[in-house]
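One line per chain: the protein sequences are A, B and C, in this order. Take the first sequence: its letter number 219 is residue 219 in our numbering, and every next letter is one higher. Take the second sequence: its letter number 17 is residue 1017 in our numbering, and every next letter is one higher. Take the third sequence: its letter number 217 is residue 2217 in our numbering, and every next letter is one higher.
Keep in mind that a hint or two might mislead.
[To be verified] For the chain A half of the interface with chain B, some residues (derived, Cβ under 7 Å), not all of them: (1) Arg4; (2) Pro6; (3) Phe12; (4) Gly13; (5) Ser51; (6) Ala53; (7) Phe76; (8) Ala113; (9) Ala205; (10) Val208; (11) Gly269.
[What the hints assert, rightly or not] Each computed DMTMM-like pair below joins lysine to aspartate or glutamate, with the alpha-carbon atoms no more than 20 Å apart: (12) Lys2315/C <-> Glu2327/C; (13) Lys224/A <-> Glu2327/C; (14) Lys2259/C <-> Glu1254/B.
[What the hints assert, rightly or not] Under 10 Å between C-beta atoms, here's a sample of chain C residues computed to sit facing chain A: (15) Gln2087; (16) Ile2093; (17) Ser2111; (18) Thr2170; (19) Asp2228; (20) Ser2229; (21) Asn2236; (22) Ala2343; (23) Gly2346; (24) Thr2354; (25) Ala2357; (26) Thr2361; (27) Gln2367.
Since the hints were derived computationally from the structure, they do not count as laboratory data. We put the CB at the ideal spot given by N, CA and C, even for glycine.
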Amino acid sequence: MSFRQPSILPGFGLTFGFTTFFLGAVVLLPLTALVVRTAMTDWHHVWDVVSSARALASYRLSFGASLLAASINAVFGFIIAWTLVRYDFPGRKIIDALIDMPFALPTAVSGIALTAVFAQNGWFGKYLEPFGIKVAYTWIGIVIALTLIGLPFVVRSVQPALAEVQRDLEDAAETLGAGRFYVFLRIILPTVLPSLATGFTMAFARAVGEYGSVIFIAGNLPLKTEITPLLIVIRLEEFDYGGAAALGFVMLLISFVMLLTINLLQAWGRRRLVGDRR
Amino acid sequence: MAGHGSNVHSAELASRPGRDGLMSALARWTFISVSLAFLAALLFAPLATVFVTAFGKGLGPYFASFSDSDTAAAIKLTLITAAIVVPLNTIFGLAASWAIAKFDFKGKSFLITLIDLPIAVSPVISGLVYVLMFGLQGWFGAWLQDHNISIIFALPGIVLATLFVTFPYVARELIPLMEQLGNDEEEAAITLGAGGWMTFFRVTLPKIRWGLVYGVILCNARAMGEFGAVSVVSGHIRGLTNTMPLHIEILYNEYAFVSAFAVASLLTLLAVATLVIKTLVEWRTGYRRRR
Amino acid sequence: MTSDSMAQSGSTLSALLIVAASALLFAGCGGSEPAGGATADTVALLNVSYDPTREFYREFDTSFAREWKEKTGQTVTVKQSHGGSGQQARAVIDGLDADVVTLALAYDIDSIQQIGKRLGADWQTRLPNNSSPYTSTIVFLVRKGNPKGIHDWSDLVKPGIESIAPNPKTGGGARWVYLAAWGFELQRNLGGDFGKLADPAAADEVAKAQIAAEQFVGQLYSQIPVLDSGARGSTNTFVQRGIGDVLIAWENEALLAIKEMGPGSVEMVIPSISILAEPPVALVDTVVDRKGTRKVAEAYLQHLFTPAGQLLAAKNFYRPRDSAALEQYRAQFPDINLFTIDAAFGGWQKAQATHFADGATFDRISQGRR
């Protein structure tokens, strides 16, 4: 079997060549610097840094909170995308336009604003406080910050896909008496799933590395509310570039494996879907 | 078909009498209220904080915030950076999605994962890698200094870091969309004798326009809002290498809360730009259709 | 759908072109600034400093430019860069072309010397007073009326008291806070005599005192609910978010907070003893020689020690070295019983290695807190 399946479409050489070149220059070269810097560091030191109790606790927090945030985003992001595409209501266009704000607002601003809202003297915080619910300076605050910064990924991935779902197909199915839930499960979901999975993946990936907004709303207490990117900053503060690179490398490795798994699952799902249709 | 079109459609659907009428209205209101509640708590409240603080002392201090020359320099630097980064990543996104979605080849998932990677890299690390390469202690640092070339702590470093951080945005928006849409129409066009470019512009581009619009908007928003990576390579020189996000942090740290949030509120103008672009695309589409 | 799509392609393209064109338009407006360095009638300096000095250097730069113009006829523009002290030191090591550095602690300038090799090892003796033109110390900021009755360090470890302080692993000022607390308990256990630290006969007593100090500081940090990454962050947490009963902060930071946030909400408490913080300044030799700015950079640092510079420092809440300037701002700077880092910890290098390095005392006490 050859590297590529034959196709009558042109442009593979040009686009594939440009893609790999640009990818190499912008992404792989800098990341090579990270890997080389890690490799140049004393291996015992690298191991001590990446396997310390604090580092392990921070992986649990960073990856756990990110997974939770991405899942929340997958559910609510889908609902929001659905609402924006399918329903018309006053203010829809404005809300639609505001969806990208978590990206445009510098992370520090989101962090400060969220902390202001959820701190014990904030708009929401003061109502949560009597119930003993503390959001700011706890892991809940971290999840909220990570949910906010990942939201546009899911909404913006699902929106175009939903818009392109074949309404005729849907209508036909409904006319033929298929229930709403059946239509959703058999027609809409399969079509939107790749985009939803992409949005989830991106929201998750973004959350894992986030620093700017979390630092304001997390208490930054060792072993409790200390995220991995903060540990990297602490290493840098000690002029320990090797240790910082090592932590960065571990995060990169875990993220890479998780992303690759999701992408492979998606490719597998797509092949099954195509197989079904044929 | 998209956006505007389907809304007309759904309105018809909702008003259609029959057993689904009530259910449909119920579903509609459930979806809208859940969406609004979620967005209100997570997005609108923080945004409102920004505006309440920015206008907290009235209109005068709000507008006075922009008269500062350092603020103007920061806004300019951010716009320049976005103007370089967004077109580059858009071209990349189009090329990558064509290569990946239109063809079947080995290692596709691997390639997609590599494109995803910059999102997963912590901004702190995204900045650090350029320091490792171009810093005085890095690979090329001494050589660059001897030749009087500044990369980090100058515009090129800020552009590189931003390019890295926003790299996947357009591509990742387009790849799943193009995969979902399939190749049939393009293959038909080619069979009928259309050229590659013509097929792309006349068949593919119209189909992916929303994905492209969202991708560009996201990429641009992120390019303008990036803080962490840029902070590492900027050097924080006032009026010279401070981007808007960095300048906002500085103002905030100077207890200039009004100015800080006034500059931040400027970034919400991007939402207005989004609105204009989307309306424009929708309007043009509708216009052509009616004709 | 296909015919529709065909017709729409033009409109999508034009929308995209509008986006691209407006982007390029903005890019066109951007010119490049001169890179710095000296010509006959203008000269540019870059001062890389830490966070809380912004207000001070803004005034000081104007004052210096005026004086330099009078003396030489040359126009000098001073560019400022501010950030966390350690982060700023790293930037200079990695090639940020600072003519002068004005940081929070000598350890950071030592690092520029040792890792970056960008200035001479004797930097701290080149200028008077350990190259520190102004000093500060660590004090407390409490809520109006001092409802929890906090008067000294020992009050901070009482049950139920929450303190706010920045993270010593990420902030220079935060390390002064930690060392001040340690020094308080150390001298209390030594009967107020740091001299015993060097006395072999008192070795047992010193060992016990160090253990007591570690317990004290450990207890103090276990009662801190939020560790912000920098001094200004802690001030905001305490004043704006209303978290904690007491903020342990730089004196200049506390005075500025009272001025900015209004004296109605917080007030300052001076502990019985605190640390003498000496933020140092230095010339970056490799940079000034390459840019040809040595003379003006030297004059800039010298200007910090002149009466005019000292008065500006005092005005911006830094304790001046000059006694005349200190007298003028007497009301602002009450007498405090101060100890030096050299007396209590044997200098920055030793303090850093014992307390803040990876796996050192601070890491130990934070691991114990779970």
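Cross-check of the supplied hints:
For Arg4/A, the suggested interface contact is upheld, since its CB lies about 4 Å from the closest CB of chain B, less than 7 Å. The closest approach between the C-beta of Pro6/A and any C-beta of chain B is roughly 9 Å, which is over the 7 Å cut-off, so the hint fails. Below 7 Å, beta-carbon pairs count as interface contacts, and Phe12/A has one with chain B at about 5 Å; its hint therefore holds. Contact between Gly13/A and chain B, as hinted, is not supported at the beta carbon level, the nearest pair being about 9 Å apart and thus beyond 7 Å.
Using the Cβ-Cβ criterion of 7 Å, the hint placing Ser51/A at the interface with chain B is not satisfied: the shortest such distance is roughly 19 Å. Proximity of Ala53/A to chain B is violated relative to the hint, the smallest CB-CB distance being about 20 Å (cut-off 7 Å). Nearest Cβ of chain B to the Cβ of Phe76/A: about 5 Å, under the 7 Å cut. The hint holds. Taking 7 Å as the C-beta contact cut-off toward chain B, the hint placing Ala113/A at the interface holds, the least distance being around 4 Å.
A cut of 7 Å between beta carbons decides the hint on Ala205/A: the least distance to chain B is about 4 Å, and the hint holds. For Val208/A, the suggested interface contact is upheld, since its CB lies about 6 Å from the closest CB of chain B, less than 7 Å. Of the supplied interface hints, the one on Gly269/A is violated, with its beta-carbon coming no nearer than about 11 Å to a beta-carbon of chain B, more than 7 Å. Proximity of Lys2315/C to Glu2327/C is assessed by CA-CA distance (about 12 Å); at most 20 Å being required, the pair is judged to hold.
At most 20 Å may separate the alpha-carbon atoms for a hinted pair to count; Lys224/A and Glu2327/C exceed this at roughly 47 Å. With a C-alpha separation of about 12 Å, the suggested pair Lys2259/C and Glu1254/B falls inside the 20 Å cut-off, and the hint holds. The criterion of a C-beta within 10 Å of any C-beta in chain A is met by Gln2087/C, whose closest approach is roughly 7 Å, and the hint holds. A cut of 10 Å between beta carbons decides the hint on Ile2093/C: the least distance to chain A is about 8 Å, and the hint holds.
Given the 10 Å rule on beta carbons, the hint for Ser2111/C holds: about 6 Å separates it from the nearest Cβ of chain A. Checking Thr2170/C against chain A: minimum C-beta separation of about 5 Å stays under 10 Å; hint holds. With 10 Å as the threshold, the beta carbon of Asp2228/C comes within range of chain A, its nearest partner Cβ sitting at about 7 Å, so the hint holds. At its closest, the beta carbon of Ser2229/C sits 6 Å from a beta carbon of chain A; the interface hint therefore holds under the 10 Å criterion.
Among the interface hints, the one on Asn2236/C holds; its C-beta lies about 8 Å from the nearest C-beta in chain A, closer than the 10 Å criterion. At its closest, the beta carbon of Ala2343/C sits 25 Å from a beta carbon of chain A; the interface hint therefore is violated under the 10 Å criterion. Restraint check, Gly2346/C versus chain A: the minimum CB separation of about 19 Å is more than 10 Å; hint violated. Because the closest C-beta pair between Thr2354/C and chain A is about 14 Å apart, greater than 10 Å, the hint is violated.
Restraint check, Ala2357/C versus chain A: the minimum CB separation of about 7 Å is within 10 Å; hint holds. Checking Thr2361/C against chain A: minimum C-beta separation of about 13 Å lies over 10 Å; hint violated. For Gln2367/C, the shortest C-beta to C-beta distance to chain A is roughly 7 Å, which falls under 10 Å, so the interface hint holds.
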